[in-house]
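Engineer: Keeping their order, the protein sequence lines are chains A and B. The numbering used here runs 43 ahead of the 1-based position in the first sequence. The numbering used here runs 1126 ahead of the 1-based position in the second sequence.
It is worth saying that the hints were derived from the structure and are not from the lab. Here a beta-carbon is modelled for each residue, glycine too, at the ideal position from N, C-alpha and C. The reader is advised that the hints may include incorrect statements.
To be verified - Pulled a few chain B residues facing chain A out of the computed Cβ check, cut under 8 Å: (1) A1182; (2) R1205; (3) D1217; (4) H1223.
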Amino acid sequence: MGTAKSWLLDDSPASRLQASLGRSYRMARMLMRNPLAVVGALILLTLLVTAAFAPWIAPYSPLGQDLGARLLPPSAAHWMGTDELGRDIFSRVVYGARITLMIVVLVAVIAAPLGLLIGAIAGYFGGWVDRLLMGLTDVFLSMPKLILALAFVAALGPGIENAIIAIAITSWPAYARIARAETLTFRNAEFIAATRLLGASHGRIIVRHVLPLCTSSMIVRVTLDMAGIILTAAGLGFLGLGAQPPLPEWGAMISRGRTFILDQWWVATMPGFAIIIVSLGFCFLGDGLRDVLDPKQGGKS
Amino acid sequence: MGWNMSVTAISLQNLDVSYGTTKVVQGVNIEVAEGESFALVGESGSGKSTILRAIAGLAPDWTGAISVLGAARGHQVDRDFATRCQMVFQDPYGSLHPRKTVDAVLSEPLLVHGFGNRSARVAEMLAAVGLDQRFRFRFPHQLSGGQRQRVAIARALMLEPKVMLLDEPTSALDVSVQAEILNLLKKLRRQQGLTYLMVTHNLPVVSFMCDRMAIMQKGRVVEIAPATALHDGSFTDPYSQSLYAASGGNPDRKDQP
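Looking at chain A on its own, in the form it has when it is part of the complex (with noise of 0.2 Å):
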């Protein structure tokens, strides 16, 4: 342990390798020292073992009915009790974080690249590449996200994956944004200069120089979003235009339950526990990054 420690802080690393290494160690220690950082890190671990493991952690099948068994209160049998199908809460809840993941991940994969991308590219040339650009970002901009996304999911008809395209295309603006505001800051700057001078052409410098300059700052607003982003799918899945039934989806779950939050509290309320945990594992997680990444602060620590 001691050898592989000091092998991974060495000054002198020897290889390419040990030096992205020893860099990564480096703020993983950073991230390590932020309590709430570790208390996100941990939730979202939680959520990840979670979907990964859920036909072995659920007691139950997330769709099937017991209709003997409805709308039974949290007992031993039935940990989030159960719903107006007989279906057991937790299972569902369970089963949800895979859903959760996948429309968190895939809007990620989407959106953050394509803002990234859009925002370096009018940051780096400026002039009319920028204005167009940035036009085209303050239209999406200047609409409500949420309404935005339901119009999207009204024209490619309801269900996960459009929802998923929906918020992407409506979360892509902000990273734009971002991007392009940090590539400002450097477009001018001699080691953009130089590169250029080595015969380099502008994709790769874009590619290779300008865009591992904004993912740090990228990485963090994307965490930080990613509790809006689930929030967002949720209220599709509420209003009935995120996954459709019988998928255990958080938002949709707790739209069935509206009917009966007077009477089973239950029914609602487990699934937006869920909700509020993990938006705010994303958010501690996303401000421990920050405080890692951010380059104002890296020079400090």
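Dock chain B against chain A, hints included.
Structural biologist: Just chain B now, with coordinates in the frame of chain A:
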């Protein structure tokens, strides 16, 4: 291509450079022979650096004629030019990518131009600029200012250019480190037969490094003089004389104030 002082490395004819509507450089005519080390001297804002940027293609708004090693320059940065002429910037803290290791910085020019045998070339170049191999995988923030400037010089030399544009390569460094970098530049020039066009406002640097100099004031060249003028003070233009006097006269003669 024999080594011949009469071959022109850099030729500027009637060069005017503008930033927007402001003309920063006007009517500059300079010929730098191959293998020569030529200095552009003048106060801040006199347009010295702008001339380098115009040659490199970073200040595209110019009129007149620029040619480097006999080939006329276009107004943009271009790929072939990169293998003939490179530039070293003033600030070694700003000219290195903050997230790239020394190894990545030095490999980049080789990757861009598709050169092979990268690892060996990088190791060789580190040795040539006097950096130990243990610096190879460090990030810029783990290096001192002088070490960073060595990396920047190494990056410029990776493509084996014949002409180097040096934009005040030592003015951001400590005095003790300045001497090291100047010695390095002098040694590299001798070893690789480089031509230097160097911007500086430091006359002792000129007498140490250069054969000739152009003195600039408000975007114009007021005088082109040999470096020996710094010893005998044989400047003809009143502005050059005042600059010479302000720097304390002969920089090598210690008895003067």
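Engineer: Going back to the hint list, which numbers does this structure go against?
Structural biologist: No numbers; nothing is violated.
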